[in-house]
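Visitor: What follows is the residue order along each chain.
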Amino acid sequence: CTNDLNITPKDDQTVLSEDLFKDETAYKQVLAGIYANLALTGTDGAGSSNLKNIDAGTSQFGRVLLYVQTLSADQMIWSYENDPGTREIQRNIWTAQNPLLLGMFSRAHLSIALANNFLRETTDAKLDERNVSASVRSDMPAYRAESRLMRAMAYYYMMDIFGKANFVTEDDPLNSQPPVYGRAELFSFIESELKDIDTDLVDARQNEYGRADKAVAYMILAKIYLNAQVYIGEDHYSDCITYCNKIIGSGYTLASNYLYNFMADNNTNDAKNEIIFPIISDGLTTQNYGPTTVMINGSVGSIEQNGTEVGVSQGGWGGALRVRKQFANLWGAAFANDDRNTIISDGRSIDITDISDKDSGYIVQKYSNATSTGGFGVDQTFVDTDFPLFRLADVYLMYAEAFLRGGGGDQATAVGYINALRTRAHNPNTITSSDLTLDFILDERARELYWEAHRRQDLIRFGKFTGGNYNWAWKGNGSNGISLPSYFNLYPIPTASMAANPNLTQNPGY
Amino acid sequence: TVTEQSTSIPLPGVNVIIKGTSTGTATDFDGNYQINVKNGDVLVFSYVGYKSTEITYTGQLTLDVALEENAAQLNEVVIIGYGSTTKKDATGSVESITEKDFTKGNIVTPENLLSGRIAGVSITTSGAPGSGSQIKIRGGSSINASNDPLIIIDGLPIDNNGVSGSRGVLASINPNDIDSFSVLKDASATAIYGSRASNGVIIIVTKKGKSTFSATYDAQFSFGELTDRIDVFSASEFRQLVNSQPINGTTMNTSLLGAASTDWQNEIFRNTFSNQHNVSLQGALFKALPARFSFGVTNQQGALLTSKFERRNLSLALNPTFFDNHLKVNLNANLSYEDNRFGDSGQIGAAIHYDPTQPIYDPASPFGGYYQHRNGNILLLGTTNPVASLLQTNNTGDSNRTYGNLNFDYKFHFLPELRAVLNLGYDETEAKTINYTSTLVPTNDPVKGNSSRGFQTRTNKLLDGYLTYNKEFNKVRTELTAGYSYQQFTNSGSNTGNMRDPGSFPSTFADPNVVLIGFFGRANLTFLDKYLLTLTYRRDGTSRFSKDNQWGDFPAAAVAWNISDEDFLKDSKVISNLKLRAGYGITGQQAVNEKDIFLNRYRGGDANSQYQFNNQVINSLIASEINPNLKWEETATIEFGIDYGLFNERLSGSLNFFQKNSTDLLFTASVADGTNFSNSIIQNIGELQIQGIEYSLNADVVKQDDFNVNFNFNATFLDRKIKKLALGQDVRTGGIAGGTGNNIQLLREGEAPNSFSVFKQLYDVSGNPIEGAYVDLNGDNIINDDDRYLKESPGANVILGFQANIDYKNFDLAFNLRANLGNYVYNNVNSSNAQYERIQDNAVLANLPKSVLNTNFQRTSDVIISDIYLEDASFLKMDNITLGYTFNNITKDLKSIRLWAGVQNVFTITNYSGLDPEVFDGIDNLIYPRSRNVLVGANFKF
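Top to bottom, those sequences are chains A and B.
Just so we're aligned, residue 1 is where the first sequence starts under our numbering, counting upward by one.
Just so we're aligned, residue 1 is where the second sequence starts under our numbering, counting upward by one.
Chain A extracted, bound-state conformation:
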């Protein structure tokens, strides 16, 4: 009976693809898998990982994005430096061996692979062959457009962080050694893809919460145009304004309370009118060691023991996260009562001379596992708080910046947007047009968007990430900050990724 050698899976969580699509609801579930890859690291609990050679938490999309974009800059310090990779990221001494960079590179490329897989499984030929019903077929253009959007988003982050990516589409075979696209090729691919799917995407704010719509595509376009000087050396500020206007014109409104954006019920309170794209987290059904779980547990103070206020255990993670001096200094007297100012400084020094001393340095209480109505998330470790990857406030700030950089638009509108943010934060100190400068924008972005995984990109765009004209605490591994060579504007390609694809070459300098 040699036929017994041809086995099939027996576990109820595993399905063969030939059986899967007999049930048409599977299409949406496979689409959900592409989104889930931004929140989950595996299918079997928060500690499981479908990527290897890295700890599960070290490859959670939002968390590594936060590390790469925020921990590497002037807003955040991680106390436990023997957590691999964190020391090198926050002191800007990373190498191609860094596990967090491997997590970032591999996780984003898994999004690409999952999107390609969805596109392969939903070609007209395949749908015809399986006699897919008309109702599911009518959803298919949007599903396919969303998977292309998720793929373009992954390429956008690769372009920003590493400056290159393995270029794989649905036409490439599995386990191949794909060509590599640099920034210019990625830029034009992302741009054309996002424009191409515009008609098929669901209108802004009309899709199910958690799924992407036209505004997400506009957001990525706005971002690549704003940063086009960095990416391809071209001025696309007016395109940025165009797409900011498209988003703003879609009916988004600021949440009534700044902090609602970062609370356990930000999926149901009025922050949902501000958040353009969330990464879902749920203490029961979508458990993960993602950015919100890490920031809420991590920002509980070693002295303050303020965990119960934010819906996690009293001690949280013992003071894992604090802020650097330069960020603390952005909150002068004018911001004493600004809702965005969540700094806790009592009994703390502003300086962090010893990173492992969790009592030094200020802490913040921006994210929370409490709800806007006074309740708490269901779990005391895994939070319910969704991570607001893109939100309207960012669009306002991008508009103002693109205006200042000569992209057109209107000064009064720009000032109005800034003041809308301040008013919403109950800060009476509104600005006038003379206050609207690029340096002001960079600081205001820090005040509005800190710990939201934007900072490194912003500093690079302002020419302040590398070089020596802005040195923050522990930049370049000096407690007062040291200049960084310009090649640090790009991260190195992870050694393991490079070894598996000979077409990948290391970024200059590494």
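For the record, the hints were derived by calculation from the structure and aren't laboratory data.
Hints are supplied without guarantee of correctness; some may be wrong.
Unchecked claim - Restricting the straight-line Cα-Cα distance to at most 30 Å, the calculated cross-link-like pairs of lysine-lysine (DSBU-like) are: (1) B:K432 x B:K703; (2) A:K22 x B:K547; (3) A:K164 x B:K895; (4) B:K432 x B:K461; (5) A:K126 x B:K595; (6) B:K471 x B:K411; (7) B:K38 x A:K22; (8) A:K28 x A:K10.
We have chain A already, so just place chain B on it with the hints.
Guide: Quick look at chain B alone, frame taken from chain A:
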């Protein structure tokens, strides 16, 4: 009556011949014989494996003879795959250990009967009661795939994966039921097991029924005590340390100090008492059916508070023969009940850490009356009381195993040279685990404690059938074997989740079946009794690979030359045996965790791993990693061996040289990102080479009637080297404690597997290490990962074993020694704990190893990768020493009583600074410590 000299057991089938005539007879089942003789006739008693004895008849009515085993033992039967051979005819590297050679001592699991006895075999067992062992033959042949040898019990290959709830796959087997082990080491011996033979094979044969009645009762009691502790600060030293402000630049809050004085390691460890009882009965049921029945009970306490191992074994063997011995039937049926309580060995780390100035109990504590760091009812963040953690947790595992086989061996009536053998095997383990922690456990969570149950069932079914043809043609003896084998493994189970936690859900799991099918054949040809040739072939199929790759071919050949039978050596007084052997073969490997990776699969999330659209849960489906091209890993082994015997086998042994080359290593390696559903999948990439020399010597130093001294010595030299890795890239491995996901080991081409990857510590002029200062090995003025270098590896280069057996009159003394040389250990206990910052344990104070005084290091993260924590862990150990005295012929029924006493884990000589240099995989992270046991026992024979 003719009996066996050493055991007084009657020998059936002994030839009794009047010398110089053809007149003769043979002994019956009970060793009795009758023969007509006249005065002066010389009777010759001969039996395979025994010395022939001649006795002159002088008118006795009965003539009782005790035959002595042949010293040469060259005719000793050696069990090999699907058959047997003799030591003299063996062409491969096969070693056999029978009951009389077993390592003696507090043996709870069968593999320890072999400890230190066989060149090339290393067995590492933890100190946990009844715990499993890491067994490696010749260092294993893989990196990523399994390095476990194939273990076969009475023809049934067992699954190397255990169940949760059991201590290990061999833990349920009673060592007392084992008759012999055969260890097959080289490819020519193992290739008949094809795809599972690369790591060597251990064949276990259990005891069979006999037709004469005998009974034994064994009792053994052991008293254990730990001899060593991790050296941490005492309460008064700790107080002094905390008061010597500031520490690590921070001023400690001295009000956190308590007033008690507690040695936490003393509190979590205990002296142990264990006992074992075995009863066995052998005899003919209904005067015709040879049978054996045994019953064994083992109770073992663990040195760690609450941990224990209990086992009851029932074993039945029926060995009838039919049709004038043409059909032999062997039935072995075993039931084993294993009851465990698992003490969380993580609490050993907590005991090292816990503030020694705090008491164990605190009547005011809301957490069950145990002291905890708390503020009123709120627990402070920090380590929790290890005594409370152990006593408030009750994690048990009950594992019930049923295993055995039914073997039919039929010699054809019309063609007695041809035998047909059918072997049916079955092995099923059902395990239940109950995890329970008190609702009074220290936590601030709304969910207090845990109550969950797990269930798991593994089955293993075997059908083997083969034909063997034995014939002597002229000067050529031939033995031909051909057969078929089918084996299927299943594994499934469920878990309730924490039933006290509404957010915890029940879950189930089921592995795909693993099916292995083989066709095999072997030809043994012997020319002139001197020139031996063995050819083996196996074609194996596995369910682990796709249709295109599922079959593999595994051939082997070996030749041997009995030089001592040549005319020029035949009469040598010095050389009694000399055999040259050479063998070559290819064996396979498919034992990887992945069972269905060649299939296109999706996996849905478990209850905690779903996504949400529109705030509704949707079971997201994620494509699983896939490799349709996965195929066999192959190991080619070439071996040259010499078996020698000198002075009528007073000295004997062998010397082997071997080289193993594993290619297409089953190896988890990177794939180009974006081209699969993981960044790394198991593939066939890489090559590993193992070269070695094995030497063994068995010496009968003194051999007299009432005084015997026997020494057994073996030595193994091993060199393992990675020849090739996926695309030449390094692979990090060897996760360590201290931060999440740190690795200390590396796989690199040209280096030994799992070599340590460390920073080179810098020292000041007076020789003290400078904290966080390392040699900038690549000279780029930055100390980062690129400055790590490779230093040594966990594998020993030299493994030595020595066993002595000394019998004087009725006394017997045995001891053994074991040494590993050149094995390095990374002391993770020190590297993650012995830094002053560890004195602050979140909100509370914590103890740390006193070795911090040697380095004065402050911060773990600055020093954890330093080579200062890498130590030479070469050791010499005396595992066991026993002394016994036997009283013979006490009554008519009670044949003998042997009383004995012994010590286990007698001493360890090493420079290693940790508790025990013998750790798994070279990373010392507080293994369960091994107690020193004092044993007494009695053995009654009826």
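Visitor: Does each hint hold? Answer for all of them.
Guide: These are the hints, each one checked on the structure:
no.	hint	result
1	B:K432 x B:K703	violated (53 Å)
2	A:K22 x B:K547	holds (24 Å)
3	A:K164 x B:K895	violated (84 Å)
4	B:K432 x B:K461	holds (21 Å)
5	A:K126 x B:K595	holds (28 Å)
6	B:K471 x B:K411	holds (13 Å)
7	B:K38 x A:K22	violated (92 Å)
8	A:K28 x A:K10	holds (23 Å)
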